[in-house]
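Q: Chains as they are written, first to last, in this note's numbering: chain A, 4 to 234; chain B, 4 to 234; chain C, 4 to 234.
Because the hints were derived from the structure by calculation, they are not lab data. Please note: incorrect hints may appear among the correct ones.
Note that the list lumps identical chains together, so a pair holds whenever it fits in one copy or between two copies.
To be verified - Below, simulated DSS-like cross-link-like pairs (lysine-lysine); rule was C-alpha separation at most 27 Å, straight line:
{"hint": "1", "residue 1": "K231", "residue 2": "K73"}
{"hint": "2", "residue 1": "K205", "residue 2": "K160"}
{"hint": "3", "residue 1": "K110", "residue 2": "K129"}
{"hint": "4", "residue 1": "K70", "residue 2": "K110"}
{"hint": "5", "residue 1": "K231", "residue 2": "K205"}
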Amino acid sequence: VLERLRSRTPRVHCITNAVAQNFTANILLAAGATPSMTISPEEIGAFVASADALLVNLGTFDDERRKAVKIAVEAATRGDVPWVLDPVLIDRAPPRAAFAKELVALKPAAVRLNQAEFAALGGALKNTVVALSGEADRVSDNARTATISNGHALMAKVTAMGCAASALTAACLAVERDPWRAAVSALLMLNIAGEQAAGAGKGPGSFAVAIIDELHRLDRTAILERAKVTS
Amino acid sequence: VLERLRSRTPRVHCITNAVAQNFTANILLAAGATPSMTISPEEIGAFVASADALLVNLGTFDDERRKAVKIAVEAATRGDVPWVLDPVLIDRAPPRAAFAKELVALKPAAVRLNQAEFAALGGALKNTVVALSGEADRVSDNARTATISNGHALMAKVTAMGCAASALTAACLAVERDPWRAAVSALLMLNIAGEQAAGAGKGPGSFAVAIIDELHRLDRTAILERAKVTS
Amino acid sequence: VLERLRSRTPRVHCITNAVAQNFTANILLAAGATPSMTISPEEIGAFVASADALLVNLGTFDDERRKAVKIAVEAATRGDVPWVLDPVLIDRAPPRAAFAKELVALKPAAVRLNQAEFAALGGALKNTVVALSGEADRVSDNARTATISNGHALMAKVTAMGCAASALTAACLAVERDPWRAAVSALLMLNIAGEQAAGAGKGPGSFAVAIIDELHRLDRTAILERAKVTS
Numbered sequence: 004v005l006e007r008l009r010s011r012t013p014r015v016h017c018i019t020n021a022v023a024q025n026f027t028a029n030i031l032l033a034a035g036a037t038p039s040m041t042i043s044p045e046e047i048g049a050f051v052a053s054a055d056a057l058l059v060n061l062g063t064f065d066d067e068r069r070k071a072v073k074i075a076v077e078a079a080t081r082g083d084v085p086w087v088l089d090p091v092l093i094d095r096a097p098p099r100a101a102f103a104k105e106l107v108a109l110k111p112a113a114v115r116l117n118q119a120e121f122a123a124l125g126g127a128l129k130n131t132v133v134a135l136s137g138e139a140d141r142v143s144d145n146a147r148t149a150t151i152s153n154g155h156a157l158m159a160k161v162t163a164m165g166c167a168a169s170a171l172t173a174a175c176l177a178v179e180r181d182p183w184r185a186a187v188s189a190l191l192m193l194n195i196a197g198e199q200a201a202g203a204g205k206g207p208g209s210f211a212v213a214i215i216d217e218l219h220r221l222d223r224t225a226i227l228e229r230a231k232v233t234s
Numbered sequence: 004v005l006e007r008l009r010s011r012t013p014r015v016h017c018i019t020n021a022v023a024q025n026f027t028a029n030i031l032l033a034a035g036a037t038p039s040m041t042i043s044p045e046e047i048g049a050f051v052a053s054a055d056a057l058l059v060n061l062g063t064f065d066d067e068r069r070k071a072v073k074i075a076v077e078a079a080t081r082g083d084v085p086w087v088l089d090p091v092l093i094d095r096a097p098p099r100a101a102f103a104k105e106l107v108a109l110k111p112a113a114v115r116l117n118q119a120e121f122a123a124l125g126g127a128l129k130n131t132v133v134a135l136s137g138e139a140d141r142v143s144d145n146a147r148t149a150t151i152s153n154g155h156a157l158m159a160k161v162t163a164m165g166c167a168a169s170a171l172t173a174a175c176l177a178v179e180r181d182p183w184r185a186a187v188s189a190l191l192m193l194n195i196a197g198e199q200a201a202g203a204g205k206g207p208g209s210f211a212v213a214i215i216d217e218l219h220r221l222d223r224t225a226i227l228e229r230a231k232v233t234s
Numbered sequence: 004v005l006e007r008l009r010s011r012t013p014r015v016h017c018i019t020n021a022v023a024q025n026f027t028a029n030i031l032l033a034a035g036a037t038p039s040m041t042i043s044p045e046e047i048g049a050f051v052a053s054a055d056a057l058l059v060n061l062g063t064f065d066d067e068r069r070k071a072v073k074i075a076v077e078a079a080t081r082g083d084v085p086w087v088l089d090p091v092l093i094d095r096a097p098p099r100a101a102f103a104k105e106l107v108a109l110k111p112a113a114v115r116l117n118q119a120e121f122a123a124l125g126g127a128l129k130n131t132v133v134a135l136s137g138e139a140d141r142v143s144d145n146a147r148t149a150t151i152s153n154g155h156a157l158m159a160k161v162t163a164m165g166c167a168a169s170a171l172t173a174a175c176l177a178v179e180r181d182p183w184r185a186a187v188s189a190l191l192m193l194n195i196a197g198e199q200a201a202g203a204g205k206g207p208g209s210f211a212v213a214i215i216d217e218l219h220r221l222d223r224t225a226i227l228e229r230a231k232v233t234s
């Protein structure tokens, strides 16, 4: 999947929160994808229609972004552009949780979230590929489950790391139409880059920089050698 | 205070400017706190009510944020959540200065600002803890003044460093209810981390990364050894 | 030009996209300029009138920023503040291209853009200084053309690098009123800093940090030794 990312350089349109935009863009570039991020209602339909995948991250939840999300998801559905939902902090805010449930009904190819967010969505996720972040990450659809035991504790000390994982899942969906395989690939890449970035061991500031370097350098050999996936 | 931050991991809700959001979030994480940053009017009341401290930074001054500030400060006052005001650039913009004066009247636990911003607020700060950034930082309330001579010149060459200092002051308020002690602790931590980050001496880009690493690594011993505080 | 930047520390007001704000601010600080970034309609007129240069970047294209742009350009024209237009991604979105054409008619001192954006503006750029990014950068007005062959491939793997080049062009305009010379100087500085940053060779994450360090450290000698400019 990584090699396909690098040879095809898919464009991933991201509706994401203000904290995450810069880091997400650099993670996508490091993996081989091209980010675009407009949320203007006049433009977003055309941007999504010509994109290879879409990320919908609810971390900044304002009127403008909600309108953008509706237009974007409609364009994605019409154009058969796969999309990922990241329902950030819906466990903290009921209006956001309600909006996330509406979005799940519109059939994202995958939903990436943490345990608390998963609990807030309850049974709504039955027919979706779910990528659940935790001490080990777990990716499941109705038939298959993979547990990914790679990663590093410093990943939780860098803001927007989860958002970047969701964006990378969208990028993988652009080149791998089985959403379960795409999500497993994305989390594996980021977690292995995280393990390698932790080597320098200086702290979360330099770790956030090094994980971009390592993702950029990552190749098939490193993934095969280091992957700890059980299914 | 640092040890309490690390053991209690308080949540600090930040209304801050777009330039500062990512750096502020990573500084808070490095110190042991957890950031949240929504400004949606439907949500922010609940986010602040359940937070341990609030930061109100006026660096991005739009309608949306002004509404958010009002709701947030009301929720903080009602819920006894301590809050910090950072009146960014009020010396440049009269409407912003007027808004800052209204906010000072609502009794922030502390106000962090630079000399020009201080001058623009004039006498309005009489009954508030004031953390004044300058060549040496000065923290005063009606009875006590501390002068902190730690820090490094490169701190002025990294955008959002002052905003991060204000966010850290909010984090310290969450675990230390004496706002004067909280502000002294916050500035001391950041300034000592700054001194240690300057060691590598490569320039402002790597300094901004290293100060996050050093803040994450900072402990009681380093603070006691390096603190230059007079009162 | 670099020495004048450092001695005069001009203030550059930037209307730029959310992805680019932090990186742009740190690039300007590293070069010796001071950034300001408000887009509030009540304030932006006064901020621009007292600034030394203005950047108008269309990367985030929302109602708020469009209003801000109109007020800002009017204030710049009235106050004789030189301004730079960066028409990000106008090749992808017709409403943005139409807005960019309106802005070109208002006479920016320079326009910085890539090949696809240039093509979308067609003949509209006849009487403007154009800084065209590509494998080699090219700066032309009606009479002169310079080709700058410095730079490094990693510059294309860091988000907002082009936006930062435009901001730096605005900074140079603040201290060099010949816009062609200002644009050549800006691209030369950033490209040489990029070459020197590539030395460490770790990847795009650390490259984005190192280019800020190198720009901060850059001096006349390094520029004279490394410049590859033909005209």
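Q: With reference to the structure, classify each hint as holding or not holding.
A: Results for each hint:
1. K231 / K73: neither (37 Å within a copy, 49 Å between copies)
2. K205 / K160: both (13 Å within a copy, 22 Å between copies)
3. K110 / K129: Within one copy, since 11 Å is at most 27 Å while 49 Å is not.
4. K70 / K110: Within one copy only: 18 Å inside, 34 Å across.
5. K231 / K205: both (25 Å within a copy, 25 Å between copies)
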